[in-house]
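Asks: Protein chains in written order, with the working numbering: chain A, 1 to 592; chain B, 1001 to 1187.
I should point out that these hints are in silico values taken from the structure, not numbers from a laboratory.
It is possible that part of the hints are untrue.
[Claimed, not checked] Mimicking BS3-like on lysine-lysine, the simulated pairs with C-alpha atoms at most 27 Å apart in a straight line are:
hint	chain 1	residue 1	chain 2	residue 2
1	B	1049	A	344
2	B	1064	B	1156
3	B	1064	B	1153
4	A	218	B	1104
5	A	440	A	163
6	B	1002	A	163
7	A	21	A	556
8	A	556	A	543
9	A	218	A	243
10	B	1064	A	243
11	A	556	A	440
12	A	243	A	220
13	A	243	B	1049
14	A	542	A	163
15	A	218	A	97
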Amino acid sequence: MNPYELLQTIVFFITLLVLIKPLGSYMARIFQGERTFLSPIMTPCENLVYRISGVNPEDEMGWRRYAGAMLLFNLALFVSLFVMLLTQHLLPLNPQKVPPFTWQLALNTAISFTTNTNWQAYVGEQAVSYFTQMAGLAVHNFVSAATGLVIAIAVIRGFVRRKTSQLGNFWVDLTRCTLYILLPISMIFSLVLVSQGVIQNFSAYRNLPLVQSTSYDKPKLDDKGAPLKDAKGNPVVESVPVKEVQIPMGPVASQEAIKELGTNGGGFFNANSAHPFENPTPLSNFIEILLILLIPGALTYTFGVMVGNTRQGWALLGVMLLILITAFAVLQWAESSGNPLVVKQGIQSINMEGKEVRNGLAGSNLFTVATTGTSCGAVNSMHDSLTPLGGMVPLSLILLGEIIFGGVGSGLYTMLAFAIIAVFVSGLMIGRTPEYLGKKIEVREMWMSILVILTAGVTVLILSGIAMITPTAVASMANPGAHGLSEVLYGLASVSNNNGSAFAGLNANVNFYNLLGSLAMTLGRYVPAIAVLAMAGSLAEKKFIPPSLGTLPTDKAPFALWLTLVILIVGALTFFPALALGPIVEHLMMVS
Amino acid sequence: MKDIKPAILLFIIFTIICGGIYPLLVTGIAQAVFPRQANGSLVTDTNGKVVGSSLIGQPFSDPKYFWPRPSATAEFSYNPAASGGSNAGPTNPAYLRTVGERVKALRDTGVTGPVPADLVQASASGLDPHISPEAALLQIPRVARARGIDREKLHKIVNDSIEDRQFGFIGSPRVNVLVLNLELARL
Chain A
1 MNPYELLQTI VFFITLLVLI KPLGSYMARI FQGERTFLSP IMTPCENLVY
51 RISGVNPEDE MGWRRYAGAM LLFNLALFVS LFVMLLTQHL LPLNPQKVPP
101 FTWQLALNTA ISFTTNTNWQ AYVGEQAVSY FTQMAGLAVH NFVSAATGLV
151 IAIAVIRGFV RRKTSQLGNF WVDLTRCTLY ILLPISMIFS LVLVSQGVIQ
201 NFSAYRNLPL VQSTSYDKPK LDDKGAPLKD AKGNPVVESV PVKEVQIPMG
251 PVASQEAIKE LGTNGGGFFN ANSAHPFENP TPLSNFIEIL LILLIPGALT
301 YTFGVMVGNT RQGWALLGVM LLILITAFAV LQWAESSGNP LVVKQGIQSI
351 NMEGKEVRNG LAGSNLFTVA TTGTSCGAVN SMHDSLTPLG GMVPLSLILL
401 GEIIFGGVGS GLYTMLAFAI IAVFVSGLMI GRTPEYLGKK IEVREMWMSI
451 LVILTAGVTV LILSGIAMIT PTAVASMANP GAHGLSEVLY GLASVSNNNG
501 SAFAGLNANV NFYNLLGSLA MTLGRYVPAI AVLAMAGSLA EKKFIPPSLG
551 TLPTDKAPFA LWLTLVILIV GALTFFPALA LGPIVEHLMM VS
Chain B
1001 MKDIKPAILL FIIFTIICGG IYPLLVTGIA QAVFPRQANG SLVTDTNGKV
1051 VGSSLIGQPF SDPKYFWPRP SATAEFSYNP AASGGSNAGP TNPAYLRTVG
1101 ERVKALRDTG VTGPVPADLV QASASGLDPH ISPEAALLQI PRVARARGID
1151 REKLHKIVND SIEDRQFGFI GSPRVNVLVL NLELARL
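So here's chain B without its partners, still in its complex pose (with noise of 0.2 Å):
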């Protein structure tokens, strides 16, 4: 039983060094060097004011934004305060009804074709604040109509907003919403 001792101290150094100094640690470096990510990659609107994080996405629904994926966190959608996925099954008949009715609400606004996945999935985070660059060209048109602006404009802005796989090869390509529509708010 002599190693009671040592279990009771060591746990408690390790809780000061794991637990205290270590985070600490990270914490002081990660403010000096990259205070702008270390803070929730905060975004502000063009009187500077702080709209939201580019790393959260928003519940758009207006026709003059772009919409974002489906999102079913608690309450409402892109609730940051309950980040979490439907955790729907492939075979659910709920679920299944859910994604026909998402389905049409697009397809009332005039979009034809096969329908990106992902405009019709939840993410998982309910958080994402990216689509697929399809997702985003399929909505120009409804967009335009929304703004009253012109088609090509529009189109150019979208595809200067898709960023590429990281490095050119990892990752997807997508487009965020909320930078995209901010940019449309300047216009």
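Isolated chain A, as found in the complex (with noise of 0.2 Å):
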């Protein structure tokens, strides 16, 4: 790494913390129901939502209700993204006359986008028109990740109230967090991202004269649409001359925003934020790995304050920084050495396959581990022409549950039950009684935590078994040997925990990847959603015990290591022999 790199990467980290604290801060705020410096515009627009919506913001709910409002609120957002999708050729705002998806692959990215997973099976620029692009995928982005955060916050009160099975009301919550959080953050970095070359319009394609012409080959085809072949049995393929160009436009910086804010991910167009009219410049992607890290982060302040000892949610960021800096370090070693078959042809020794010169190495990997991370998915290089080594670092980053910063809410929310877990475990050999934030971790707390840990992972290894076994999933792989294997156990494990991102090789749009990518992305979302719920409902029953000699500090260093460890040591039993057989096995073919 140059010292460039160095640079840029340690005034990442200390902008990513400087905005964490005040950030952090007025989330609690926000949550807690007090006054902010919004306050005087936004209260007036939440009040007329609650009246227009018929909600009654001083009505409590208990983990059930809670939890059934949630599911019924995303029913609605699937239901409508799906018709959305099927009639879009009917719809406004379709400019290139884009046609209707398939009902599978409606299906899919209808769940995709109401799950926060952002999977993206299609070519965003051919396939969406600029009504769903907006009024779809848009809103479920702000409102996918609203419904995290503020299951993540109803978990934070189970463990904040006593006595009681009131955890918050859903819909206040819900618009609050739309209102006050996700609505101006995206509004203001939208315009920075405009200034720095990401398109704002509602024009068509743009057909633009090439300076130089070029032409490609195309195969011809007979009367009835069969590849013509020749006498050898080739091919015949004619000429077609290149003149001009269509350049795709659309509302695209309103949406990067939030679909970093958000840990969305899903890209407008098919190349993501590598494509230059998403992310145009060094400072444009320095933004957007700050966009996708920040609530994340800032949310671990946030269950500080709202514990009340801040310290607490130091020792969660600890954790994650620790992980997330030894992850890039890993992954810009192993890209800046470079690939060694590339590299004895006469190259230069660094791996450029699949990345932006102007984001340059560190830019590109520091993007890769927070989109990996985090669940967020968007993309600045692909995965898939990672080194192996290189690529195991986002596939392990996903494996370990999303919960290095994690998704908008959910990282939090699948950190808590690990540190649930680790209570217990620490418990249990230092003869402890498990306790974390004064209240007692019993039978139903540790089942739901393990609901919470194993179900993405269960998904993933039962899934890629599958897929190994069916003909479709197979010729689906885009590359030979072990580097296939990696393609379906990253997409895969991408589904399962709501990631989104790919080794994009894979061709997904086929029925097999559709249809069980669907099943693996719902359970992926709603089991652990629902299982912390029901856990913070019984933890908002218990009374609270102060902390005694007894207690085991869980907001000191000490707690920290232990529960990287028993994260590391969690992910490694669960996914290391599937980790062998892909990219292990293929640094070791490149190597040799």
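From these two lone chains plus the hints, build me the complex, please.
Replies: Structural data, given as structure tokens:
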């Protein structure tokens, strides 16, 4: 890593850390119903929203009703997007006249955006109308992120509240989250992104002449549409001249900001944040990485404020930072060492396949660990073309369960499940009653935590097993050998953990991945969400146990290290065999 | 089931706010304050004709132009309607052969020494408008020969076209191929 890259990385993390406290305390005020500097503008809007929708903001909900409201709302999101994708040719703002989705792809895409996964088995610039982008996908980017965030808030309330069954009001939390947090931040940063060159318009795609025209070979077809063959059986091609190209347009910036901020990751274009219209400069890249980590990072501070001890939040943030920075270092090492099979052909020893020059190695790699440590899944480089050990870094971050900052809200509540496991295991080892944040950890909490942690892992392994014996699933691999296995494993890990990035060579628009992926995304999102809400319900009913000499302090470095170990051990025990067959075998083949 | 009504109504309200008001507001401000960027950073030639976007690379292959990075977009290189990378894995034999052919094509133009990786490895978007300064400098002899102009003069033009890291430390130094080639057309 050259000194500039080191400086860029250090400045990045300082900027992130500086923003965590102000945003974290602001979010705590929002969810504790306090006034903020935005209240004069937003409170009237907020009250109007409640009046129209018939919500009584004083109404409190138990965990069952909170979860039920969340599920109903998500069902509305799913149904509307599903219908929109099937009928986009009939709807307005479709200057390119794009056709409707097939039902399998529409199902997959609607679930994908509702569950905050943003797995995309379509090419954005060719398949989606402006109306669908704006009124469908962008809306889901906001409210699926808000859904995750408010679940985390309800879980925090479970720890904070005593002898009550009430966890807050889902509708109020959702509204305040969207109006006070997501909209204002997206508004500001979408304009900053436009200043860097991210486009924002409603024009039809522009046909522009090339300075030097080009041509390409196109297979000739017979009357029935089958490729023509010559006498030797080779396909007959004709040369097609290209004098002008079609440059896509659209309302990109408004979507780009929330796509990163809400850890959604669904690109306007196929190339996602590698596309110069989504991410045109090194500064826009810096900002997009910052937006990905911003809310999950700040939420640890919100957690600390709400439980009355900010060091509890710093401890969790410390674990996240430790693993994220280690992952970045490994990836940076792997990619700057390059691919020996390429280097020996006389090429400089860094791996630039699937990376953009302006972002450089560090800017690409930092984006990669941020987008996979969180459940964002936007990409500014093609993970499929990383070196084998480099590619294992984002894959491992996903397999750890999206807790290294993690998705908006979902990262924190999954991390809390890990913290409970860590408290319990250490309690067994040193003979102390397991307590976390003054609440006794009992059978129900353990069951729910294990459900949170194991759902995605079990789904990944079972589905990967099924994929390997399904011919169409195997035929979707773009690269031969061990790398093909990595593509499938990565794809299924990505959907099961609601990440959404891919080893994108994999041809995902086939029934196998569309349908099983839909199932995996649904399980990966809602099983943990309902489990943590159930846990929050039981925690809220418990009494508070003041810390005593027998209490394990969970706000200090030893606990943070212990938690790190628990996370790594659970991850390694679950996935090491699969990783050994994919990236590790490929690495050995590459260097031998 | 008293939550069915708010579920539907709030969904509609958020669609109007986040899917209507928000993008329209951003578009309005963006078009007023940053019209050039919001509309795709289009560039014009000496006659004032729009010849592309400074953010979207073009498939130059004539020796008299500086060449961009390889591009893996569908149908033809630098097809802006189909952005994307090669997604080639590091041990894929077909990919390794392709890289070898690209190196050979460069060697045939007289290039010696280690080849900058960006010049033989495809970008993520397939539309990368930039190459590294090394990749530009290395092409000077060929372009000078093809155009019959002085190498020193061309060297100065290339040096002037290098964009530094943003604020001196973010990202990589780079050369915009389309902008540089338009600059050559002014000679």
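Asks: None of the hints should be skipped; say for each whether it holds.
Replies: Comparing the hints with the structure gives:
{"no.": "1", "hint": "B:1049 x A:344", "in the structure": "44 Å, violated"}
{"no.": "2", "hint": "B:1064 x B:1156", "in the structure": "17 Å, holds"}
{"no.": "3", "hint": "B:1064 x B:1153", "in the structure": "15 Å, holds"}
{"no.": "4", "hint": "A:218 x B:1104", "in the structure": "25 Å, holds"}
{"no.": "5", "hint": "A:440 x A:163", "in the structure": "13 Å, holds"}
{"no.": "6", "hint": "B:1002 x A:163", "in the structure": "25 Å, holds"}
{"no.": "7", "hint": "A:21 x A:556", "in the structure": "18 Å, holds"}
{"no.": "8", "hint": "A:556 x A:543", "in the structure": "24 Å, holds"}
{"no.": "9", "hint": "A:218 x A:243", "in the structure": "16 Å, holds"}
{"no.": "10", "hint": "B:1064 x A:243", "in the structure": "18 Å, holds"}
{"no.": "11", "hint": "A:556 x A:440", "in the structure": "19 Å, holds"}
{"no.": "12", "hint": "A:243 x A:220", "in the structure": "20 Å, holds"}
{"no.": "13", "hint": "A:243 x B:1049", "in the structure": "15 Å, holds"}
{"no.": "14", "hint": "A:542 x A:163", "in the structure": "5 Å, holds"}
{"no.": "15", "hint": "A:218 x A:97", "in the structure": "24 Å, holds"}
Of the hints listed earlier, the one the structure fails to meet is number 1.
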